[in-house]
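Residue numbers (the numbering used here): 1 to 261.
Simulated from the structure, these hints should not be mistaken for laboratory data.
When the alpha-carbon atoms are kept at most 25 Å apart in a straight line, the in silico DSS-like pairs for lysine-lysine are as follows:
no.: 1; residue 1: LYS88; residue 2: LYS174
no.: 2; residue 1: LYS250; residue 2: LYS174
no.: 3; residue 1: LYS224; residue 2: LYS250
no.: 4; residue 1: LYS19; residue 2: LYS174
no.: 5; residue 1: LYS174; residue 2: LYS81
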Amino acid sequence: MADPRRVEFGDFLRSRREKLSPKTVGLPAGRRRRTAGLRREEVAQLAGIGVDWYIRLEQGRTVSPSVTTIDALARALRLSKAEHAHLKALARDGARGAFTREIVPPPIRRMIASLNQPAYVTGRRWDVLAWNEAAEDIFAFGQLPEQDRNTLLLVMTNKQTRKFYGATWIEVAKSMVAMFRATHDVWAGDPAFTELLARLRQGSPEFVKWWEAHDIRSTMSGLKTMNHPTRGLLRFEHTSFQANDDPALKLVIYTPVEGGD
1 MADPRRVEFG DFLRSRREKL SPKTVGLPAG RRRRTAGLRR EEVAQLAGIG VDWYIRLEQG
61 RTVSPSVTTI DALARALRLS KAEHAHLKAL ARDGARGAFT REIVPPPIRR MIASLNQPAY
121 VTGRRWDVLA WNEAAEDIFA FGQLPEQDRN TLLLVMTNKQ TRKFYGATWI EVAKSMVAMF
181 RATHDVWAGD PAFTELLARL RQGSPEFVKW WEAHDIRSTM SGLKTMNHPT RGLLRFEHTS
241 FQANDDPALK LVIYTPVEGG D
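Given only the sequences and the hints, what does the whole structure look like? Please build it.
This is the structure we're talking about:
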């Protein structure tokens with residue numbers, strides 16, 4: 001059985017290859033092409049590796065590319081910094097333990113409880129694990145079943161959340177899918193991530209479309225505008241960072257900005 005991470009590695013290479021034109025990388029267009037993007041042999045040539053070796057990588061076979069090869073592929077495929085980091089993460093060897101739901105330490109809970117602005121903590125799978133009163137006032141996490149307290153699930157499948165973001169929903173949702181892609185792929189095949197992915201696919205045709213694009217984004221901070229059902233138009237500066245020494249826990253803070261409630 002193929003390693004799910006290797007399969008994602010190959011799929012990601014293919015998706016980036018198909019997005020590049022010969023002109024973009026300085027190659028002649030040549031004869032008529034049957035498919036979009038570069039040919040496999042052209043990527044291999046640009047990266048300075050054997051064609052057969054590249055084909056094996058794209059097919060997700062059990063091969064272990066060196067850091068030098070990963071860097072060469074990143075240059076050949078014109079990867080962004082986030083995409084390059086993603087490719088490296090997928091190439092790492094070593095078995096990963098099964099996903100378990102994270103526990104937020106009491107000091108982190110007390111810290112977010114002391115904040116006046118909305119704040120919450122998420123885990124690897126983007127489950128909302130802890131939040132303060134200000135966040136409850138805006139997002140009403142406590143009114144949801146535990147299995148539905150997931151930021152991506154809410155944005156992609158919850159009709160009220162979609163109305164909440166209004167005209168900005170597409171931008172927010174598409175960016176979140178690209179960020180979650182980077183997280184999911186290193187956990188590919190894990191039952192907890194597979195279950196979440198199935199719910200997202202079933203509940204959102206937009207998710208299916210954007211997911212298949214294999215776009216990657218590292219972070220999403222900045223201004224968010226929301227149409228709250230009772231509070232009206234709200235504007236926040238959205239910031240997220242690692243909550244403590246556990247890289248799985250992410251602290252998200254919404255700071256009100258002038259012009260909001």
